[in-house]
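Student: So the chains spell out like this:
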Amino acid sequence: MGGPEIERLIELLARLPGLGPRSARRAALHLMKRREALLEPLADAMTTAARAIQVCSVCGNLDSRDPCGLCADGKRDASVVCVVEDVADLWAIERSGAFRGRYHVLGGVLSALDGTGPDDLRIASLVARVRGPGDAPGEVREVVIATNATVEGQTTAHYIADRLAGTGVAITRLAHGVPVGGELDYLDDGTLSAALRARRAV
Amino acid sequence: MEWTDRGIVIARRKHGESSAIVALLTREHGRHLGLVRGAGGKRSTGLYETGTLVAARWRGRLAEHLGSLACEMVAPFAASVLDDAGRLAALIAATAVIDQAVPEREPHPALFDATLDLLANLPQADWPQRYVRWECACLAELGFGLALDRCAVTGASEALTHVSPRTGRAVSAAAAQPYADRLLTLPAFIGDPAQPAGTREILAGLALTGHFLEHHVLAPLGHRLPAARIRLVDRLRRSSYVAGTT
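Line by line, the protein sequences are chains A and B. Those letters in the first sequence? Residues 1 to 202, by my numbering. Those letters in the second sequence? Residues 1 to 246, by my numbering.
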């Protein structure tokens, strides 16, 4: 069909989430038709990103600098740390604009199936961050555990809470319950029972 | 080929972007895997969480094929224990043990019933005793049942305090005395649910069942005790569980 370069491009695009071989072919064709407007700028952007992006040594976020923009931002509340599973979760919370503290990205969750244990996650660095250097108390006062409301996510949350016990910081987690715009009739039983258990005075 | 059955979600492995290979412990078809398309979608939220009881329909062109599963939720057991670290650890430990120890497609209705009973009663205060008794039932169903009704040495049925780690047979206090350091402790609540049990008894029970699970069930399969079960023991060791208070 095309040369090996085109085949290679299609093969790589097909590995992206949301793209299969057919849609990768369409994307490749689209890029090649818009060589100057799209293909070359995209290639440049990807090369630059590949060179510049690194994992923040403080929180595990992805950024072009270390510490990342969120950790270096002096306006953010350093006394509250939100623990998330993945960078995608950090982005989701940032999109909401509801949190002005700092983050800590675990890099996954405890999983018996996948063989992911505590040593495979960034839990030790979280504990060190909360404890602070030496004997001096750290600046963190609250840790918000924002792992997913799944069995593995909550197992990880309980494990982190155990590890942070005795540090003196407040440990909180996200609420489970009815989503905004959610209709009770369409909610699954688990969410509904969690929402009932977490009911509060009006 | 097609069948319908009740099943407990034991494990879910991501397959591609939106599908998953789900392992169920079904009543009539044993531990059975199947492909679930769209398992990560909004419609499936909570449905394929470990420990959920589902009504399952399996379809495959041939019986030996992986086939596909379509499930409807019956009871979201996991949702009721998500906030409780100990109970959640017990749920994960039980499903992890099943995932590793139970052969695929071998019906174990008694194990299904015992697991269903455990999950339904996890909110009860005596969940640790129930968990230990569930492991005893699991061992029995897998062919390594403990013989705890009479002493292997004297034949006595009273004052049974230990178990032989080799044979799984009970030993009375008197007969066990010379070998106590080489025997496993038999907590009274295993034989008699009315007996009280604190952290020490629960840990002794878990050490007893863990020994047979590890050496007689999992080791021949090339497995070790699942990390989730080890974490359950660690959690109970750190807590000071008193019967009827949690």
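These aren't lab readings, by the way, just hints derived from the structure by calculation. Quick caveat: nothing in here was measured; it's all calculated off a predicted structure. One or more hints might be untrue.
Unchecked claim - Ranges between beta-carbon positions, derived for each pair:
hint: 1; chain 1: A; residue 1: Pro118; chain 2: B; residue 2: Leu221; range: 23 to 31 Å
hint: 2; chain 1: A; residue 1: Ala52; chain 2: B; residue 2: His215; range: 48 to 56 Å
hint: 3; chain 1: A; residue 1: Pro41; chain 2: B; residue 2: Gly60; range: 46 to 54 Å
hint: 4; chain 1: A; residue 1: Ala201; chain 2: B; residue 2: Glu106; range: 34 to 42 Å
hint: 5; chain 1: B; residue 1: Ser18; chain 2: A; residue 2: Asp189; range: 52 to 60 Å
hint: 6; chain 1: A; residue 1: Glu139; chain 2: B; residue 2: Ile230; range: 29 to 37 Å
hint: 7; chain 1: B; residue 1: Glu2; chain 2: A; residue 2: Ala88; range: 51 to 59 Å
hint: 8; chain 1: B; residue 1: Lys42; chain 2: A; residue 2: Ser23; range: 15 to 23 Å
Note that the Cβ used here is the ideal one computed from N, Cα and C, for glycine as well.
Student: Which numbered conditions among the earlier hints are violated in the structure presented, ordered from lowest to highest?
Tutor: 4, 5, 7
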